[in-house]
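Visitor: Counting from 93, one number per residue, gives the positions in the sequence shown under my numbering.
Certain hints may be false.
[Said to hold, decoys possible] Using 20 Å as the maximum straight-line C-alpha spacing, the simulated DMTMM-like pairs for lysine to aspartate or glutamate come out as follows:
1. K113 with D179
2. K189 with E125
3. K189 with D126
4. K113 with E137
5. K189 with E203
[What the hints assert, rightly or not] Using C-beta positions, here's what the derived DEER-type ranges look like:
6. P114 with E203: 29 to 39 Å
7. P114 with D161: 33 to 43 Å
8. D150 with A190: 34 to 44 Å
9. A190 with E149: 33 to 43 Å
10. G164 with Q212: 16 to 26 Å
11. F148 with K113: 16 to 26 Å
12. S199 with G140: 30 to 40 Å
13. E137 with S199: 30 to 40 Å
14. S217 with D124: 17 to 27 Å
Worth flagging that the hints you see were computed from the coordinates, not collected in a lab. Just so it is clear, the structure is predicted and the values come from calculations on it, not from any experiment. Glycine included, each C-beta is placed from N, C-alpha and C at the ideal position.
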Amino acid sequence: MSATAGQAQGERGLAERLGLKPGQVVQEVGWDEDADDDLRDSIEELTGNELVDEDFEDVVDVVLLWWRDGDGDLFDALSGVVTNLSDGGQIWLLTPKAGREGHVEPSDIGEDATTAGLSQTSSISAAPDWSGTRLVTPRARR
Numbered sequence: 093m094s095a096t097a098g099q100a101q102g103e104r105g106l107a108e109r110l111g112l113k114p115g116q117v118v119q120e121v122g123w124d125e126d127a128d129d130d131l132r133d134s135i136e137e138l139t140g141n142e143l144v145d146e147d148f149e150d151v152v153d154v155v156l157l158w159w160r161d162g163d164g165d166l167f168d169a170l171s172g173v174v175t176n177l178s179d180g181g182q183i184w185l186l187t188p189k190a191g192r193e194g195h196v197e198p199s200d201i202g203e204d205a206t207t208a209g210l211s212q213t214s215s216i217s218a219a220p221d222w223s224g225t226r227l228v229t230p231r232a233r234r
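Let's have the full structure, built from the sequences with the hints guiding it.
Guide: Structure follows, in structure tokens:
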């Protein structure tokens, strides 16, 4: 396998680790210059759709929420994006990894997610500088 092919497979693997599928609509919230472009590109490649922004007015399958300590109230942000989700949709909360500027403590994520009525199902290394926490609405509410 060539370096380029391996690199392309690695980039595609970033989106696959999030459990995304072709055809899904992914809304991106909280983008800033520190967001991981390889992850963003891999999502667009895998889904076959461009990421939609915060102003998108239809339901989405996945919300990609970039969040840093100091961005405001996480509970408010989670409560705001959950209304955009289709039935069975999910939120990927992306936060800087431990030791990076803007790191958010997992206990804060858990507390705010629970208060917003969400369940944390998994956590992954989403990109070199970013951790991903998968949040869903509990089955009883879907």
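Visitor: Can you give the numbers of the hints that this structure goes against, from lowest to highest?
Guide: As far as the earlier hints go, not one is violated by this structure.
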